[in-house]
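Q: The lines below spell out each chain.
There are 2 protein chains.
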Amino acid sequence: MGQNKNTYCVIMAGGIGSRFWPLSKNRMPKQFLDVLGTGKSFIRSTFERFLPIVPVENFLVVTSESYKTLVLDHLPELHPDQVLAEPVRRNTAPCIAYAARRIAAANPAATMVVAPSDHLITGEAEFQAIVREGLAFVDGNEKLMTIGIKPSRPETGYGYIQVDTAPRAETDGTSICKVKTFTEKPNLEMARVFVDSGEFFWNSGIFVWSVGGILKALGTYLPEIDAAFARGEGKYGTAEEQAFVDAVYPACDNISIDYGVMEKSPEVYVRCGDFGWSDIGTWGSLYQHAVRDEQQNAFGGGGQVLAYDTRGTVVNIPAGKVAVVEGLEDYLVVEKDNALLICRRASEQNIRNYVEDVKYRFGEEFI
Amino acid sequence: MGQNKNTYCVIMAGGIGSRFWPLSKNRMPKQFLDVLGTGKSFIRSTFERFLPIVPVENFLVVTSESYKTLVLDHLPELHPDQVLAEPVRRNTAPCIAYAARRIAAANPAATMVVAPSDHLITGEAEFQAIVREGLAFVDGNEKLMTIGIKPSRPETGYGYIQVDTAPRAETDGTSICKVKTFTEKPNLEMARVFVDSGEFFWNSGIFVWSVGGILKALGTYLPEIDAAFARGEGKYGTAEEQAFVDAVYPACDNISIDYGVMEKSPEVYVRCGDFGWSDIGTWGSLYQHAVRDEQQNAFGGGGQVLAYDTRGTVVNIPAGKVAVVEGLEDYLVVEKDNALLICRRASEQNIRNYVEDVKYRFGEEFI
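Going line by line, the protein sequences match chains X and G. Here the first sequence is numbered in our numbering, starting from 1 and rising by one per residue. Here the second sequence is numbered in our numbering, starting from 368 and rising by one per residue.
Bear in mind the hints are in silico, worked out from the structure with no lab data behind them. Being a predicted model, the structure only gives us computed values, none of them experimental. Keep in mind that a hint or two might mislead.
What the hints assert, rightly or not - List time: in silico BS3-like cross-link candidates among lysine-lysine, alpha-carbon distance up to 25 Å:
1) Lys336/X / Lys726/G
2) Lys336/X / Lys703/G
3) Lys435/G / Lys407/G
4) Lys510/G / Lys545/G
Based on the provided sequences and hints, a complete structural model is requested.
A: As structure tokens, this is what we get:
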């Protein structure tokens, strides 16, 4: 049950995490932060989570050119060649097409797991078992597997995966199911129906497939993207790779692998799990996972906080600072470097807009 | 109407302004700040306000030893000898007793005006006329005059002065009245009665008297304090002064000149004025005087602010920073150096307690 030299891991680390502004900034996005105070950044935790399964030389991290140094700071075990630099952001489909070509050039028989760099997984052993099971499931065939999470609440911030028949791990010994539909983020009413039905699972954005399987699917469902990266044959893993990628990337469609491939292919399966998982995509999800005091306040960031008549409030300030807060209920207070955010927790979905406004009004130096 | 060589001005600048924390800190209290964005600190404005009346060499500033350098930075026209250093804080009576002895040693025929260093006065010309009138009124006698302000609202944050008969400047050509009582800060109901009566005026804490008059009153009503400073005769204005003051000060009662002398002497008069005045003693009074936007928000400190769904809120952040605030109504948001305060404007009277708590919990470096 150790590492398999045919197994590769692609960590997607290009996000800019603007919903976590100002904690997460362009220069230091969420994947490089330890917002939960675990002592490790998200990307470091992600790397270590796969290290029992994937040989260190088989990791690839896809990120922005500007984060390459940061990635290597957090993952010093990697050779710089293992960090793939996207010249522009084009969502997950081009990112996966690129990484799959790079892996195929080195090992056409590879299986691969693709994961975001900034998720929280607490049931690590169960997760690892599911990844191993998935790698075995897709090895040598063209099945595309995604990992679903048993929903614990009618979350409206996630996409859902509907299974053809609900998994019956207790009876038939397998919980890998065919996928019926992928859904967008539902409204609350719909999310309740999803959860009650037992047929819907959170879409974790973690994928398992063989390199041959994903390249076949890309060729079928996203032929332009596939063709663009296919033209690089002979350049992957060489000194010519970056220049080729820089030339090809900007013309790629901005499209997710979910929308471009997973929703269209009949070869799509989901392995549902019940390990602790969160995309920590919002302050709300961070709040769910944070240590809270008796008034349900969550303080983090290393600074000192004195709270009076304050409930349900997140305060995140850096070490060496003190915050006195009074009379707040269900607010976010986040201060970092040259920016301070105070807003209702219920308004967290607007933070992206605030960041855009700050950028437009006051400039890039604040975001 | 120019300067008079017998006229002295004592600026009291020992306050630590903890109600303005964290804008005002121990190392840089309110009198040295320009919280209204006028381009000048309060102490500088105070100095310039008296400069047409008092020769520059006749100014004295009484402050803490630790602020002596700051005072000279703000008032470079002064000789270091003109800054009197209190070794400990003992309220206004010892401060005035000390300054009066110092002045008497140089000029027993002096008249003097005593003023706090951190008030706002907008009707400067009218104020100056009143000070001149007062100086003439007390010259060569033992009358003690204070300046009262016609109240524009039932303010509960100020002490009030009741006059024996309401001033009738229109009819008898004078508005200097005998004082009937000094009152503590009233509750709102009482403040309304005060304002409606026409007999009550805000106590500005600005005094005018002859040096002989105040020394006589101190001898009568605060004999211990008077005797302590009388023992320094021959040392004022010499190299021995500071050591003498350092020895005498700690044993002095902590008592205000209002309570110790003004409330007791029958020689007390008030000149009521209607110039624009505020002690800017609280964020609320600063808010009253600040430029506000359509939502009645007041932004200051030099930083950039984006406000959404926010009303009646003060945001004060330093230049180079950006704050995004959402969903606040009637709050204070103040950030400076290593401290952030967020509280309801209605809770501003508690800020002193918060500062004490911060000091106790986290140490002096934050206050």
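Q: For which of the previously enumerated hints does the structure constitute a violation, in increasing order of number?
A: none
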